[in-house]
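Protein chains in written order, with our numbering: chain A, 1 to 151; chain B, 1 to 151.
There's no promise every hint is true.
For chains that are exact copies, the list does not tell them apart, and a pair is met inside one copy or across any two.
Distance condition first, Cα-Cα at most 25 Å in a straight line; then the derived SDA-like pairs of lysine to any residue [unchecked claim]: (1) 42 x 57; (2) 13 x 150; (3) 74 x 34; (4) 26 x 53; (5) 88 x 31.
Derived from the structure by calculation, the hints contain no laboratory data. All figures in this text were calculated on a predicted structure; none of them were measured in a lab.
2 protein chains.
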Amino acid sequence: MLTINLVCVGNLKEQYWIDACKEYQKRLSRFCKLNIIEIAEKNQFEKALTLNKEGQDIISHLAGYSILLAIEGKQFTSEEFASKLQDKTQSVSTITFVIGGSYGVSDSVKSVVNEKISFGKPTYPHNLARVMILEQIYRAFMINSGSSYHK
Amino acid sequence: MLTINLVCVGNLKEQYWIDACKEYQKRLSRFCKLNIIEIAEKNQFEKALTLNKEGQDIISHLAGYSILLAIEGKQFTSEEFASKLQDKTQSVSTITFVIGGSYGVSDSVKSVVNEKISFGKPTYPHNLARVMILEQIYRAFMINSGSSYHK
Numbered sequence: 001m002l003t004i005n006l007v008c009v010g011n012l013k014e015q016y017w018i019d020a021c022k023e024y025q026k027r028l029s030r031f032c033k034l035n036i037i038e039i040a041e042k043n044q045f046e047k048a049l050t051l052n053k054e055g056q057d058i059i060s061h062l063a064g065y066s067i068l069l070a071i072e073g074k075q076f077t078s079e080e081f082a083s084k085l086q087d088k089t090q091s092v093s094t095i096t097f098v099i100g101g102s103y104g105v106s107d108s109v110k111s112v113v114n115e116k117i118s119f120g121k122p123t124y125p126h127n128l129a130r131v132m133i134l135e136q137i138y139r140a141f142m143i144n145s146g147s148s149y150h151k
Numbered sequence: 001m002l003t004i005n006l007v008c009v010g011n012l013k014e015q016y017w018i019d020a021c022k023e024y025q026k027r028l029s030r031f032c033k034l035n036i037i038e039i040a041e042k043n044q045f046e047k048a049l050t051l052n053k054e055g056q057d058i059i060s061h062l063a064g065y066s067i068l069l070a071i072e073g074k075q076f077t078s079e080e081f082a083s084k085l086q087d088k089t090q091s092v093s094t095i096t097f098v099i100g101g102s103y104g105v106s107d108s109v110k111s112v113v114n115e116k117i118s119f120g121k122p123t124y125p126h127n128l129a130r131v132m133i134l135e136q137i138y139r140a141f142m143i144n145s146g147s148s149y150h151k
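Please model the entire structure based on the sequences and the hints provided.
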């Protein structure tokens, strides 16, 4: 079974984000082994220092094929994202997605990941972004299984 | 005070979506009068019939300057969206955003709205899309007020 790691900076505080993520985690359990890895936010005074410290933690958790969500990444429709996921599962058993913190991620993370993808130009808070990526991964599996979830 | 209408197809069932929207509604109350208008989903056998019936309901609720969220719309960054909102508030007192149902919206809705905007290529469920647009509207107000919410 495919392992999907989701490396996120910062934890969820509000119960509604926790519950929304739990719902998608439950739905995804049919399709993959999902590990959510929370990196502590490093609230350093200097932005560069924060990114550097968070980046070291992120890099230590990269495994398999790594995909960073970044505004400069290539944009995909849900169907294209589903195809990508299916293609990758032919050659790797682990995919690691990374969502940065409120400052984004360090250049070292950007240079070390296998791929950068974008879900669009707007900026979202990390908690909402986590729900969005979980939904898109779930949608990808549903598309690939021929379900009518994606109309 | 600016009035913002958000016309959505379908209601929220899960408590976590309801609570997430409530949080952004509460935060937005500083900046605008927000009306959320829920159009009933018309589960007709025919997609065209569903869209037509939902479309009639949507059109009856359009007021002021109307903006449809549509995948073919122009994409904006959060900063660009904030500028747009600020520009519009110079000339109108009401802005109506429209989020379609699971089939999207009818061509008649697309032709009658003032503008179509897109938050990116992926497709999201209507409940998550509602949270996303509320967050982007809130972010826009925070950007326009010079807050550090948007880094």
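Checklist entry - Hint by hint, which ones does the structure fall short of? => result 4
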